[in-house]
Structure formats: structure tokens, C-alpha cells
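Student: What follows is each chain in one-letter form.
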Amino acid sequence: MYVSESRASTPAVASPAAARGIRRPGRRSAVASTVLALGAVSLITDISSEMVTAVLPLYLVTGLGLSPLGFGLLDGVYNGFSALVRLVGGHLADRGGRHKRVAVLGYGLSALCKPLLLAVHTLPLIGAVLAADRTGKGLRTAPRDALISLSSDPASRGRAFGVHRAMDTTGALLGPLVAFLILRRAAEGYDAVFTVSFCVAAVGVLVLLLFVPARVRQAGAATGSAEPAGGGARPSLRAAVGLLGRRELRGLALCAMALGLATVSDSFVYLMLQRRLGVPDRWFALLPLGTAGAFLLLAVPLGRWADRVGRWRVFVGGHLALLLAYGLLLTHLRAGVLPYAVLALHGTFYAATDGVLMAAAAGSVPAALRSSGLALVQTGQAAARFVCSIAFGAAWTAFGDRSALSGAAVALLVSVLLSVRLRPREGAV
Amino acid sequence: MTDDLATRRDAADDSAPDGPGPQDSAPDDPAPYDSPLARLSPRGRVLVLLAGVVVLALLAGVAVWRAADRADRRNQVQAGGPAVHAGTVSLAAGDSPRIVFRSMAWGPHRDELASVPAADPNGPRTASGVQCLRFYAAGGTGICLQAERGAVNDSYRALVLDARLRTTRHVDLAGIPTRARVSPSGRMVAWTVFVGGDSYAGTNFSTRTSILDTRTGALQPTLEDYALTRDGTRVRAADLNYWGVTFADDTHFYATAATGGHTYLIRGDTATRTAVTLRTNVECPSLSPDGTRIAFKKRVPGLSPDAPWRLYVLDLGTLKDHPTAESRNVDDQAVWRDDGTLSYSLPGDYGSDLFTVPADGTGRPSLLTPSALSPSWLG
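Taken in order, these protein sequences are the chains called A and B.
The numbers in my numbering rise by one with no breaks, and the one at position 417 of the first sequence is 417.
The numbers in my numbering rise by one with no breaks, and the one at position 63 of the second sequence is 63.
So that you can see chain A by itself, here it is in the shape it has in the complex:
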């Protein structure tokens, strides 16, 4: 169980049951059980989905004998649809406080897609199943993050998100291993991988149904002072759109978007690693594990640090890690440790930004609109990153990889400076 230090005492520690999980009562508070339950759900679900992701190329090429090339299975149009789904999920969850219901819908939809993979054998249909799977992911993300923020003490939200993201990433690392073990026992047993993936996903949904409460009350709401005014806002569509009128949230979303516009997608980072730093071919498939490993190790420490020194500061600072990674990719050095350093910085970037942004945004959104607000920020960031991918690809085509990355580095530096200037009130985040 995750137990760590918190500066503020919370209603959670007042509960004798919760206190049992505390090593030094009064000094330390347990991470809210709802956060742990959601972390467990994410861990289990990520095992399930990464199992499929890990074997999909092999399944398509050697299992089905297809050539999945020249057209991405999920295209740009779908990216737009996915952003819309996320906003809809966020809004639906806020109406009547149905976070859990929407989350169950999202996790359930993804789970049901796994057995469908057994039934479809052509690229367009497989693409459609994957799209439905992603739709489930889009639906559940904002309500889940809202539940995390609502069930944890505002003073230690960064840590709560850190714990959740660490558990999530653990699942992502375990999934490919499970898939590999199955294929080792049953050569070409892709159907077994999909069936086991479904069973694992179903366990995740079961944990969600059994151990995550339908209605979460704001932990620390008794003190209430850290929350922005407007707790009584009605979760209507108009109110959700009205969130953009809040100066704080708008500033935060704009900064996240500006930084997102300079965040080169993972696949480009790995491609650059290989082209510029000469990572051998056989390690190519393992590069994402390096990022995930650093993310896993640093998510909790950086989340706690964010609680202490300010989430906004850590979020923006995390982009300096990315900037440094760009810098290393651009150097002419050829030291053997360079690829490791780039991956460590890349993982640090995720650990300092992914959950921390949600922790920061939660402070700027009233509880009644939490899910919509978080969805808004996530969508803005995702859309900006998508635009960056397209622009980066075009710049690569026109000027070459080195110039494209130099441009991204300059854009990132400008965005960081802009974000420092636009910094929202430190107390609010």
C-alpha cells in the first residue's frame, strides 16, 4: 500500500479504518482507498490492453498474413472524434455525479472489444474494433481523473495522481510480458492472448464496480478553503462551456496547449533516437519501455514534490526535461549513455506532467464540473500534440529531421517562457 508524507491532515486520517494503513499516525496519511482502487483498475486494464498492443503487429503480419502498411489503422479523422468523445464523457459524468457510471461504460466498452478481435479478420474491421476500444478509453479518462481528484485531499493531489499513474504504467509494462508468456506456451495462440486479455479487462471492471464508490465526496471538503468558489455550479452544458470563462482554467489550458504544440510525439522521439544516436535495430522495440520505466519510478516522487513546491512549477519544469532530451538528440556527441539519458528525461517529462497537470487543473475547476474541466484541458493538450505531430512531420519532410527538431526545441522554449509569464496563482494550483 502506498503510504507517504502529507503536510495537511485530512478527514481521511480521522477515520480509524484509514488510520490502520498509516505507519506514523498524525504524520502520514494513506493515499485514499478510492485512488488505490482506481489505480488497481488502471493497472489491470493496462495489462489487458498492452497485451493486445504487443501482439497486434505479429498477429496482423504472421497470424493473418496482412500487410498493415501505408495506412494507419486510426487516422486523423478518428483523432478528432476521440477528442469529442472525451468531452462528452467528461460532461456526462458531471451530470448527476455519474463519474463511476461513465467510467464503467468506458472500461466495459474496451473490455467487450477484446473478444470482438477474435471474430474479425480484416484490416478495416480490426481498425473499427480498435477505434471502439479507444472510444472506451476516451470516455473513461476524464471521469476517472475527476474521481481521483475528488477522493483525495487537495493538498496531496499530486501524490494521488502520481500513485495512480505509477500503477497504470506498471500495468503497461506487465502486459507485453503476459502476452509473451502465453505465446511461449501456445505458439501462434493469438486467440488465447485476446481471450486472456478480455478476462483481465473483466477483472478490472469488476474491481471498479466493487471497490470504487458511486459518489465520491470531496476529501477535505470540510475545510473547503482550497476549492475555488462556485461549488454549487450546476453541471449543465452551458456551465461546462462557461468553464473557459474562468481565467485560471483558461490560462492553464492555453499553456498546456502551447506546450503541447511543441511536444513531439513518442514515435518521432524514438525514430530520432535511432537515426541520430544510432540505437541498434534490435533495441528499437524496447525503447518505449525505457520511457515507461522512468515514468513509473518518478511518478510518485514528482507528484509529491509538486504538492510541495507547486504543481504548475513542476508541470512547466517537466518540459525542461523534454527540452534537454531534444538537446541531447541534437548534439553530435556519441556517448553510449546518451540514449539512456534521453529515455530517462523522456520518462521524467511524463512523470512531471501527465498526472501533475490533472492535479493542477483540478484546483481550478469546481467539484461539480470537475470531469468536464479536466476533459477540456486533456482535449486541448491532445489536440495541440496532434497538430504538433502533423507540423513536425511536414517540417521533417521540408527541412530534414535535425532542423525539424531544432524548430520544436525553440518552440518548446518559447512555450515554457510564455507559461512562466502566464503562471496562474500559485495558491490555486
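Read the hints as simulated data drawn from the structure, not as lab findings.
Some chain B residues well away from chain A (every beta-carbon gap over 10 Å; in silico):
# : residue
1 : A227
2 : T277
3 : H322
To give an idea of the chain A side of the interface with chain B (calculated C-beta under 7 Å), a few residues:
#  : residue
4  : P57
5  : V61
6  : T122
7  : I182
8  : R185
9  : V203
10 : L210
11 : R282
12 : T397
A quick note: this is a predicted structure, and the numbers were derived from the prediction, not measured.
Cβ atoms here follow ideal geometry from the backbone N, Cα and C, with glycine treated the same way.
Use these hints to put chain B onto chain A, whose structure you have.
Tutor: Quick look at chain B alone, frame taken from chain A:
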């Protein structure tokens, strides 16, 4: 821990003076959606979870057991399948005419390189003991792309084989093997692998095509390093992919390049590391022995996206193409048996089957041999 979870939930419900829920009532009143499960005691929840996990674990176990059983059955000789026996396979030029290919027939020699006389393709197969996923041979040199089992993952490697199937060089691969070719003299070898680089996206595939000079040992790791020109302008795209090399001689080759949603037939030069596009919509080219035509898979407009490719032949003199008599979807890099006949694979009951069809568009496709892939016509 479960005690904590449940009690914590109750505590959360208790301290809720300003919650958004419309039906705030007694603290322990579960939300409507939760009703069936929320009324359970902590012990009850754990029991429900355990029961669920047991049922799902059984289902998962049965699935793995059945798949393992099926995998084991593939190692048993299939009744009515081709006869296969261990023996010596030669890639040397000048021996009797034969076909060397990956035999997919069930039994102990599954996936091994095997040979049959060209005159009797359905006769007994001689299996070599060398397992390959993809294979090609010419001029006494073979290229075998194979899987290598590791502790936490499978990896892939390319083996360069001499005429007696001894490995003279091996190269680690970045992804799943798909195409392999050798130049007519046996000096140059090329291969293509699929790379699924981004585990977060999972659906973006790219290819990597490498060329190895077996005489000098020089490896060109990726054709993406070549200077490619299209209509006189240099192409520098991040989404550039190459696949399906076919050699004209030890310096010149044809291949497919793709960028921006289009595929191009390219002609490349291994000495100058340059390539130029010739025309669009040509995938997996295969040059005829006389060097005048290219067999390829064409994405024919109006066909179902499930099965978009047909086997076509392009005349390099006129750059005009014509369909072959094969009306099914062909997703393979065809191999010329001679200047008049093409061989290619189609999905079959035991992996894939090999077919032949006249290259000039006449005649009908005919089954060459079942349970086989990656043929090379030698001798």
C-alpha cells in the same frame, strides 16, 4: 485493505455537506446505480471479486490450454498432407531444377526450408532442418529471415546462407520479417521488416528495408538513407517507407516507396545510394528474369478495402500494366518461375499455398503445392 476501501467509502459519504448529487439522504444510502453491489459487506465484495476472478481465470486457462493443444497438434503429421523427410537441401546453381521454399506442412519439419523437384512439386519434400519465416535464394546464396527465442521477448534475425545452407553472416532485425530477395549473381541480399515502434499508439506501422553486400560485408541498414527524387525534386519525408526490393543486377534494383498515402515504384542504385520514382501504385515489385517486366500487387480502385490488391504485370518499356488471370486478392511479392509464369502465395488451410499463373494475362491460376511459402526456383 478491503476493509479500508469499504469503510473509507462510508466515511466519504458521511462527510458530504455540499455534494452535487440530487438525492442526498441518509449517509449510508447507496447511489441508485450502485445498488446491487453497494449493499454488500466488505467481505461480500471480496467474495464476489474472488468468484469473478476464479470464473475468468478458468476461462483464460481453457483458452490458453486449447491454443497450446492446437500448437502441439501442428507438430503432428497431418493426414493426407505432403510427405516430408529430412535430407540435404542445396542452393547451388547447376543442380537439377528444383523449388526450395518454407514448408508449412504439419509435422516435425514444419517451417523448415524444403526442396522438391521442379517437375514434381507435389512429390516428397526434402527438409533441411533450417527454420525460416521468409526465404529467397539465387546464385548459390540464400537469405533466411528467422525468429529467435529470447528470455523476455522473441527477436528476429537475417541469416545469409551459402549453397550448403551454412550461415555465413547474421544480422539482427528491428521487426517482423516480410520480404527477402537475392540478386541474380548471389552477391547482394535485401530484406524488409515491419516495425511497430510506438507501443502507445500501437497501430502505426512502418517498414525498414536493408541491403547487404555479401562480398564486401557492407550493410546499408535502411533505404531511408538514400537520396530519393520524384519528378526532379528530392523527397525528404518523415513518413517515407520502403519495401519489396527486387534486384536487376548487383547495383540496380527496384522497390516500393511510400509517402503521403501513395506508393511508388522506384529504381535504386546501391553504389550511389540514390533512387528515383518511376510511377505510382506499384507494391512488392518482382523483376522478370529477362529484365523487361515487373510483376506487382496493385491496389485496384473500387475493390473492398479488405482485399484491395490484384496481381498485375508492368511492361518497363511502355510503363503500361495488365492484370493476370488471378482474380483473388494477392498480398505477396511474386516470384517468376521463368519469363512466362508467376508463382505467388495465397492464404490456405495450413498457413499458405503456392499458385502459378501465366504472366501475360491469359490462362488460369493453378495450385502449385499446398502448405508452402517463399519459393525460389533453382537449377
